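J.: Sequence:
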Amino acid sequence: MSRDIEMIGRMFGRLRVVKRAPDGAAGRRWACVCLCGNETVSLGYDLRSGHSKSCGCLASDVIRRIKTKHGHAPKGRQPSSEYVCFKNMHGRCYDTKDSSYHRYGGRGIMVCPRWHDFNAFIEDMGLKPSRRHSLDRIDPNGHYEPSNCRWATSAEQQNNRTNNRLVTWLGITRTLSEWSHSTGIPTHTLGKRLARWPLDRAMTHPLRPDRRRHAKK
323 MSRDIEMIGR MFGRLRVVKR APDGAAGRRW ACVCLCGNET VSLGYDLRSG HSKSCGCLAS
383 DVIRRIKTKH GHAPKGRQPS SEYVCFKNMH GRCYDTKDSS YHRYGGRGIM VCPRWHDFNA
443 FIEDMGLKPS RRHSLDRIDP NGHYEPSNCR WATSAEQQNN RTNNRLVTWL GITRTLSEWS
503 HSTGIPTHTL GKRLARWPLD RAMTHPLRPD RRRHAKK
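Residues 323 to 539 in the working numbering are what the sequence shown lists, from first letter to last.
Don't read these hints as lab results, they were simulated from the structure.
The model shown is predicted, which means the values in this text are computed figures rather than measured ones.
Check the hints yourself; a few may be wrong.
Listed below are the simulated DSS-like cross-link pairs for lysine-lysine, each with C-alpha atoms no more than 25 Å apart in a straight line [to be verified]:
hint, residue 1, residue 2
1, Lys419, Lys375
2, Lys450, Lys409
3, Lys419, Lys409
4, Lys450, Lys375
Could you put together the complete structure from these sequences and hints?
T.: Put into structure tokens, the structure is as follows:
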């Protein structure tokens, strides 16, 4: 009964749980009311995992926006940027002729089954915040799936590269570029210092005047 009390009234995306529904073969089910007013029934697992976020109106709304604003993939016209990202994601993972395949599919990186459908992909990811954003995996060794992907700028992705060096100082672990930003020391200078100097000196030694001017630019 406590589980029922914990679930009833909770919001999952656009869905609010109102009561238990008859259980199905796949498990415990819940009657929900969507923000749009429609009623639907969802599995508890789907609600908690984020697979069920609406009665279906969320995907319809997003796809409608894409078709209206970006054109998605209309015949004879340029496809939306989101659709290009979707196609490139699959190419990197499954097309052995893709120039990046060896760094993705060749390493075992896959696209989750749900994202084999563009509508599901865009329902989970939404539209790109800006033209500067592209699809990024949070864990560079993980798969393309909702929990491991985000829209990120080039600067944000730089901190996510497999070869980005991690440095622990004062009990804090950051990438080299993040330490560069917080200390004001150019990344290449900081890297050279760490190769030759003790950690504390590398992080705190003042820059020469000409270096400081260069760092501010």
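J.: Does each hint hold? Answer for all of them.
T.: Each hint, compared with the structure:
Among the hinted pairs, Lys419 with Lys375 is inconsistent with the structure: their alpha-carbon atoms are about 36 Å apart, more than 25 Å. A distance of roughly 15 Å separates the Cα atoms of Lys450 and Lys409; the hinted pair therefore holds under the 25 Å criterion. Taking the CA atoms of Lys419 and Lys409, the gap is about 14 Å. The hint holds against a cut of 25 Å. Distance check on the hinted pair: Lys450 and Lys375 sit about 19 Å apart at the alpha-carbon level, within 25 Å; holds.
Against the hints set out earlier in the document, a violation occurs for number 1 only.
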